[in-house]
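Chemist: So the chains spell out like this:
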Amino acid sequence: MSIFSDNSVIAKTRTMYGNMLKSKQYEDLIMCKSVPDIAAYLKNHTTYSTILNNVNEVTIHRGQLEVLIKKQAFENYSKIYHYLNNNENAMFKMIIEEFEILEILRMILLLKANNPSEFIVSLPGFLISKCRVNLLELAKARSFDDLLECLNNTHYYKVLLKHKPTYEEPKINYISCEHSMYSHFFKRLFNIINHKSKKSERMELNRLTGTRLDILNICNIYREKVLFKSNPGQIKSRIFPFFRSLTKDKIEEAISSSSSDQLNKLMQDLFSNNYKINKISETEVYYIENYASRLKNKLCKHYLHLSNNVSTVFYAFYVLSQIEISNLIYIIEGIRYKVSPNEIKSLLIK
Amino acid sequence: MSIDKMSFVNIVGKISDLDETLVRTVQCEMFHPENVENDAKIDGFTNLSEPNPYTDVLNKINQILFMLNIKPRFEDYHSLELDDGNCRFVDEVFKKITSDTNEISKLNVMIDLMNQSLLQIKHMSKLSVNIENIFKAKYVDVRFGRMPIDSYLKSSYFSNKLFFFLPLDKSKDFCWGIYITPIKYSTETYNCFKSLYFEEYCIPDYVRGTPQFAISNIEAQIEEEKTNLEHIKSSIDAFKDKNSKHLLQLYCKVKMLHDTFEYRKFAVVGRKKFHINGFVPHSNINTFVKMFDDMSGVVVESLSAEENNSHTPPVKLKTCWLFKPFEMYVETYGLPRYKDLNPSSYIGLVYCILFGIMFGDVGQGIVLFITGLLVWKLKKNVIGLILTRCSVFSVLCGLAYGSCFGFEGLFSNFWRMIGLGSIFPFNILESTNSMKILMFSLILGVAIIIISMIINIFLNLKNHKIGNALFSNNGLAGLTVYGGSLIAMILMIVLSINVFNPIFIVCAIVFPLFVIFFSKPLSNAIDKKLNNNNKEKLEKFNAIDASFDMVDIILSYFSNTLSFLRVGGLALSHAALMLVVIKFAHMAAGTLLNPIIIIIGNVFVIGLEGLMVSIQALRLIFYEIFSRFYNSDGKPFKPAKVVFEKNSK
Numbered sequence: 001m002s003i004f005s006d007n008s009v010i011a012k013t014r015t016m017y018g019n020m021l022k023s024k025q026y027e028d029l030i031m032c033k034s035v036p037d038i039a040a041y042l043k044n045h046t047t048y049s050t051i052l053n054n055v056n057e058v059t060i061h062r063g064q065l066e067v068l069i070k071k072q073a074f075e076n077y078s079k080i081y082h083y084l085n086n087n088e089n090a091m092f093k094m095i096i097e098e099f100e101i102l103e104i105l106r107m108i109l110l111l112k113a114n115n116p117s118e119f120i121v122s123l124p125g126f127l128i129s130k131c132r133v134n135l136l137e138l139a140k141a142r143s144f145d146d147l148l149e150c151l152n153n154t155h156y157y158k159v160l161l162k163h164k165p166t167y168e169e170p171k172i173n174y175i176s177c178e179h180s181m182y183s184h185f186f187k188r189l190f191n192i193i194n195h196k197s198k199k200s201e202r203m204e205l206n207r208l209t210g211t212r213l214d215i216l217n218i219c220n221i222y223r224e225k226v227l228f229k230s231n232p233g234q235i236k237s238r239i240f241p242f243f244r245s246l247t248k249d250k251i252e253e254a255i256s257s258s259s260s261d262q263l264n265k266l267m268q269d270l271f272s273n274n275y276k277i278n279k280i281s282e283t284e285v286y287y288i289e290n291y292a293s294r295l296k297n298k299l300c301k302h303y304l305h306l307s308n309n310v311s312t313v314f315y316a317f318y319v320l321s322q323i324e325i326s327n328l329i330y331i332i333e334g335i336r337y338k339v340s341p342n343e344i345k346s347l348l349i350k
Numbered sequence: 001m002s003i004d005k006m007s008f009v010n011i012v013g014k015i016s017d018l019d020e021t022l023v024r025t026v027q028c029e030m031f032h033p034e035n036v037e038n039d040a041k042i043d044g045f046t047n048l049s050e051p052n053p054y055t056d057v058l059n060k061i062n063q064i065l066f067m068l069n070i071k072p073r074f075e076d077y078h079s080l081e082l083d084d085g086n087c088r089f090v091d092e093v094f095k096k097i098t099s100d101t102n103e104i105s106k107l108n109v110m111i112d113l114m115n116q117s118l119l120q121i122k123h124m125s126k127l128s129v130n131i132e133n134i135f136k137a138k139y140v141d142v143r144f145g146r147m148p149i150d151s152y153l154k155s156s157y158f159s160n161k162l163f164f165f166l167p168l169d170k171s172k173d174f175c176w177g178i179y180i181t182p183i184k185y186s187t188e189t190y191n192c193f194k195s196l197y198f199e200e201y202c203i204p205d206y207v208r209g210t211p212q213f214a215i216s217n218i219e220a221q222i223e224e225e226k227t228n229l230e231h232i233k234s235s236i237d238a239f240k241d242k243n244s245k246h247l248l249q250l251y252c253k254v255k256m257l258h259d260t261f262e263y264r265k266f267a268v269v270g271r272k273k274f275h276i277n278g279f280v281p282h283s284n285i286n287t288f289v290k291m292f293d294d295m296s297g298v299v300v301e302s303l304s305a306e307e308n309n310s311h312t313p314p315v316k317l318k319t320c321w322l323f324k325p326f327e328m329y330v331e332t333y334g335l336p337r338y339k340d341l342n343p344s345s346y347i348g349l350v351y352c353i354l355f356g357i358m359f360g361d362v363g364q365g366i367v368l369f370i371t372g373l374l375v376w377k378l379k380k381n382v383i384g385l386i387l388t389r390c391s392v393f394s395v396l397c398g399l400a401y402g403s404c405f406g407f408e409g410l411f412s413n414f415w416r417m418i419g420l421g422s423i424f425p426f427n428i429l430e431s432t433n434s435m436k437i438l439m440f441s442l443i444l445g446v447a448i449i450i451i452s453m454i455i456n457i458f459l460n461l462k463n464h465k466i467g468n469a470l471f472s473n474n475g476l477a478g479l480t481v482y483g484g485s486l487i488a489m490i491l492m493i494v495l496s497i498n499v500f501n502p503i504f505i506v507c508a509i510v511f512p513l514f515v516i517f518f519s520k521p522l523s524n525a526i527d528k529k530l531n532n533n534n535k536e537k538l539e540k541f542n543a544i545d546a547s548f549d550m551v552d553i554i555l556s557y558f559s560n561t562l563s564f565l566r567v568g569g570l571a572l573s574h575a576a577l578m579l580v581v582i583k584f585a586h587m588a589a590g591t592l593l594n595p596i597i598i599i600i601g602n603v604f605v606i607g608l609e610g611l612m613v614s615i616q617a618l619r620l621i622f623y624e625i626f627s628r629f630y631n632s633d634g635k636p637f638k639p640a641k642v643v644f645e646k647n648s649k
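Each protein sequence line maps, in turn, to chains A and B.
Position 132 of the first sequence, counted from 1, bears residue number 132 in this note's numbering, the numbering being contiguous throughout.
Position 114 of the second sequence, counted from 1, bears residue number 114 in this note's numbering, the numbering being contiguous throughout.
The set of hints was computed from the structure by calculation and includes no laboratory data.
A hint or two may mislead.
Capping the alpha-carbon separation at 30 Å, the derived lysine-lysine pairs in DSSO-like fashion look like this [said to hold, decoys possible]: (1) A:Lys130 <-> B:Lys172; (2) B:Lys172 <-> A:Lys79; (3) B:Lys161 <-> A:Lys71.
Take a look, some chain B residues computed to stay more than 10 Å from chain A by CB distance [to be verified]: (4) Glu103; (5) Lys126; (6) Ser151; (7) Ser171; (8) Leu229; (9) Lys272; (10) Ser283; (11) Val289; (12) Asn308; (13) Ser345; (14) Asn381; (15) Val494; (16) Lys528; (17) Gly601; (18) Glu609; (19) Ser632.
Taking beta-carbon pairs under 8 Å as the criterion, some of the chain B residues facing chain A (in silico) [what the hints assert, rightly or not]: (20) Glu132; (21) Pro148; (22) Leu153; (23) Lys154; (24) Tyr157; (25) Phe174; (26) Ser195; (27) Tyr197.
The beta-carbon is built from N, C-alpha and C at its ideal position, and this holds for glycine as well.
Let the hints inform the model, and build the full structure from the sequences given.
Modeler: Here it is as structure tokens:
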């Protein structure tokens with residue numbers, strides 16, 4: 001029975017993937033002239049028609065449109081979650097945790113910028129009832145202490161407590177908070193993955209998450225080294241202590257190297273050799289995050305098409321949905337700020 | 001198998017007679033106009049290029065007909081003159097109908113707006129106070145609208161602000177309600193609700209009283225506007241009933257004048273004279289010339305089409321009534337050249353024979369005949385007429401197969417009666433007969449290919465293309481190779497006479513193939529010698545191209561012949577499909593299902609096989625026949641005429 005139900009969930013997920021935006025639809029969207037045009041197109045020609053059905057596309061606000069797009073994706077995960085058995089739905093819970101972390105980190109950033117009242121404006125309402133963190137209480141936080149008090153009964157409390165501003169260090173260190181929160185998240189995620197009964201499932205999920213970590217680490221090194229000119233000690237503190245394709249030695253070698261060539265070589269190794277994709281070009285090095293997303297996109301599509309494990313297919317679908325959301329946000333922002341269609345197109349990950 | 005002979009006509013006349021001349025040429029519907037060539041223009045003649053004075057009035061009448069929903073059609077207009085009175089009438093009707101249509105649009109917009117308001121007010125139905133009293137409050141700001149349900153969840157965040165939100169109605173996605181806030185905090189509250197994506201609805205002035213009262217009031221207003229709408233529509237309908245005939249007459253008159261004026265572009269004028277050139281079918285030339293007898297200022301000169309060098313004569317197919325519907329297939333492929341022949345009858349006959357062999361069933365043939373008649377009567381579609389012709393052959397072949405609605409072995413008494421009982425009925429599913437039907441289709445294919453080659457030789461000789469007639473793969477050389485090989489094979493297989501001796505091989509195969517290989521230089525040489533004035537560009541000979549062509553030609557002799565095997569194959573598959581239907585019916589013998597299975601099975605086979613057979617027969621004609629002799633460069637005969645009906649052919 002389990003095998004059959006797994007297959008039906010996989011089929012359902014692949015059907016949802018089949019309804020995702022196609023190249024032609026992206027091209028049509030890029031040619032839209034305004035946010036209402038985008039909303040009208042999504043309402044009339046795409047799978048977003050369900051969520052936008054009762055919305056007046058002429059008066060819709062950009063923020064509202066973005067929230068609705070995210071809500072549609074979330075409803076898709078929820079539909080799949082509905083069919084998952086207890087062993088599999090841990091992955092869904094981790095997705096919710098990631099949303100929680102994103103919202104907590106957004107609040108920390110707003111506290112740092114002394115503008116916490118803005119939090120409520122962008123808070124996705126659909127998360128309020130799903131998250132274990134009381135997001136409405138979190139929205140009321142006006143200091144780091146308030147934030148900690150709100151998270152008192154959650155496992156995030158201990159993680160953030162050590163970053164509480166002190167008399168000596170009164171400023172909030174956002175980067176450290178982000179690093180700790182994601183380290184904590186990956187630790188819990190790997191723990192769930194390693195308790196999976198099927199070997200192939202463990203392997204696939206490890207590869208998907210491991211790639212994500214490798215990409216995060218390499219982007220962090222690149223950002224710190226090339227853009228912020230940080231010293232090796234600072235860079236090491238930004239590295240997530242989970243090593244997959246990129247071994248600890250390789251990372252340390254890249255951090256300690258004096259030239260950027262070493263870093264480029266490392267990226268070439270990671271992208272070209274490990275994942276069998278085209279060599280990274282000189283110009284693409286400067287758009288490393290976009291290139292990394294392309295890699296993630298390729299890997300997830302591979303697993304979504306070929307894997308027989310529900311968790312893998314579900315997680316791959318989740319990542320691909322997030323990529324679609326970011327594509328749509330690129331388009332919305334691009335059209336809002338009159339960016340040329342070609343430039344928007346170059347940012348899209350398909 | 002002929003193409004209507006054409007006469008070239010040159011009409012010369014006084015410029016004052018131009019309009020009348022054009023009216024007569026258009027009304028007779030037998031004159032195919034051509035642009036006057038440069039030699040006439042050199043003498044100071046120029047083309048006429050004036051704006052059409054009837055365009056405006058025709059547009060107006062077209063719009064009137066469209067707005068009144070009158071389908072444009074012919075109505076006798078000969079008693080009508082397009083005088084000032086009628087032009088004024090068109091203007092007045094246009095104004096009236098436009099204003100009525102605008103009024104209808106306005107009313108429709110108003111009804112839509114009221115319906116939308118009604119929809120919103122219904123969300124307020126929980127309130128039991130006067131709406132205008134709430135919204136006219138002096139010290140508080142009250143706004144009605146909706147917000148996404150997610151935002152409603154977030155609204156509790158603002159619990160410490162000085163406003164309250166009263167939810168009135170909820171759906172899956174939205175929450176409708178009103179918020180009330182002191183005037184002092186109006187802007188701050190507005191910003192809070194803006195961040196919650198609150199969409200405000202302005203309550204129109206006509207909404208008064210409690211929501212329940214307002215709803216009934218708006219519903220009454222909608223009804224009132226609908227009555228007004230109906231009133232205008234009925235007045236338009238009354239006008240339409242009274243004037244539709246007169247409007248159609250006006251339309252036809254103006255359309256005739258407009259379209260006739262358009263043909264002025266074919267005329268050249270100069271020295272107070274005009275010239276119009278064109279073609280008229282030779283059989284109508286006397287009638288055409290006599291038409292202008294009473295116009296002393298107009299002279300009609302006619303020449304045979306061959307005598308005119310400046311224009312290619314148009315092609316008007318002339319086919320007997322039996323095969324006339326098959327002109328459609330010829331036109332689809334492209335018309336033949338003026339000097340070639342009309343293949344409609346030939347392909348019609350071949351199509352019917354092939355169809356009959358592949359779809360031989362008396363009962364189904366009768367069904368097809370009735371279907372064809374209905375299609376023609378109801379839809380005026382030529383396919384219907386083609387079906388009636390094919391179905392006759394289907395019935396004849398069905399008689400030969402002894403098949404009716406899938407029941408085999410019938411009509412044996414009929415065949416015995418006429419003394420052919422030893423041959424017919426010919427049950428094609430019997431193992432010996434299956435092979436015979438396949439052999440027969442091959443022989444039929446060979447005959448068709450040979451006839452097509454002979455037609456090609458005849459046409460090339462007729463058009464003085466001796467090279468092509470003698471040396472091409474579909475000419476005499478090709479016929480010798482193809483026919484010679486087949487005759488030799490038949491002699492060897494049937495009569496055990498081996499004629500494949502060196503002399504035969506050299507004369508009937510090697511030499512003709514050698515000629516085909518060098519067909520281009522040979523044709524060029526012979527055509528050059530026979531037609532000294534021929535300015536056609538000669539084709540260059542390339543040995544490599546010729547070698548590849550040779551392989552293709554030899555292979556195509558085999559493949560094109562074998563292609564006809566499908567005729568036998570489809571005849572067998574038709575019989576086999578019906579066998580399956582009858583087997584299924586037998587399984588349900590004695591029950592109500594039996595006739596149902598037979599009926600559904602027959603309908604299915606008629607639909608599926610009918611389509612397949614039609615396509616395959618057409619494929620054989622286009623590929624195996626037309627490719628051998630047919631040139632589709634013909635120019636269609638398009639007589640000047642006025643088309644009154646929209647989309648009419």
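Chemist: Evaluate each hint against the coordinates.
Modeler: Evaluation of the provided hints:
1. A distance of roughly 17 Å separates the Cα atoms of Lys130 (chain A) and Lys172 (chain B); the hinted pair therefore holds under the 30 Å criterion.
2. A hinted pair counts as satisfied when its Cα atoms are at most 30 Å apart, and Lys172 (chain B) with Lys79 (chain A) qualifies at roughly 16 Å.
3. Taking the CA atoms of Lys161 (chain B) and Lys71 (chain A), the gap is about 28 Å. The hint holds against a cut of 30 Å.
4. For Glu103 (chain B), the condition that its CB be more than 10 Å from all CB atoms of chain A holds, with the nearest at approximately 27 Å.
5. Taking the minimum C-beta to C-beta distance to chain A, about 20 Å, the non-interface status of Lys126 (chain B) holds against the 10 Å cut.
6. For Ser151 (chain B), the condition that its CB be more than 10 Å from all CB atoms of chain A is violated, with the nearest at approximately 6 Å.
7. The beta carbon of Ser171 (chain B) is not kept farther than 10 Å from every beta carbon of chain A, the shortest such distance being approximately 7 Å.
8. Every CB of chain A lies more than 10 Å from the CB of Leu229 (chain B), the least distance being 27 Å, so the non-interface label holds.
9. With a cut of 10 Å on Cβ distances, Lys272 (chain B) stays outside the contact zone with chain A, its closest approach being about 58 Å.
10. In this structure Ser283 (chain B) is separated from chain A by more than 10 Å, as the shortest Cβ-Cβ distance comes to about 57 Å.
11. For Val289 (chain B), the condition that its CB be more than 10 Å from all CB atoms of chain A holds, with the nearest at approximately 61 Å.
12. No beta-carbon of chain A is positioned within 10 Å of the beta-carbon of Asn308 (chain B); the least distance is around 54 Å.
13. Residue-level check passed: Ser345 (chain B) sits 49 Å from the nearest beta carbon of chain A, beyond 10 Å.
14. Listed as outside the interface, Asn381 (chain B) is consistent with that label: its C-beta sits roughly 36 Å from the nearest C-beta of chain A, beyond the 10 Å cut-off.
15. The beta carbon of Val494 (chain B) sits about 61 Å from the closest Cβ of chain A, which is more than 10 Å, so the claim that it is off the interface holds.
16. For Lys528 (chain B), the non-interface assignment is confirmed: its Cβ lies about 56 Å from the closest Cβ of chain A, beyond the 10 Å cut-off.
17. The Cβ of Gly601 (chain B) lies farther than 10 Å from every Cβ of chain A, with a closest approach of about 36 Å, so its non-interface assignment holds.
18. Listed as outside the interface, Glu609 (chain B) is consistent with that label: its C-beta sits roughly 36 Å from the nearest C-beta of chain A, beyond the 10 Å cut-off.
19. With a least CB separation of 37 Å from chain A, Ser632 (chain B) remains clear of the 10 Å interface cut-off, as annotated.
20. This hint is violated: Glu132 (chain B) has a C-beta 25 Å from the nearest C-beta of chain A, more than the 8 Å allowed.
21. With a least beta-carbon distance of about 7 Å to chain A, the hint placing Pro148 (chain B) at the interface is held under the 8 Å criterion.
22. Taken as an interface hint, Leu153 (chain B) checks out: its beta carbon lies about 5 Å from the nearest beta carbon of chain A, inside 8 Å.
23. Interface hint at Lys154 (chain B): satisfied, since its Cβ lies 5 Å from the closest Cβ of chain A, which is below the 8 Å cut-off.
24. Below 8 Å, beta-carbon pairs count as interface contacts, and Tyr157 (chain B) has one with chain A at about 5 Å; its hint therefore holds.
25. Interface hint status for Phe174 (chain B): upheld, as the beta-carbon distance to the closest one in chain A is roughly 6 Å, under 8 Å.
26. This hint holds: Ser195 (chain B) has a C-beta 4 Å from the nearest C-beta of chain A, less than the 8 Å allowed.
27. Hint status for Tyr197 (chain B) relative to chain A: holds, with the closest Cβ pair at about 4 Å, below 8 Å.
Consistency note: the structure conflicts with the earlier hints numbered 6, 7 and 20.
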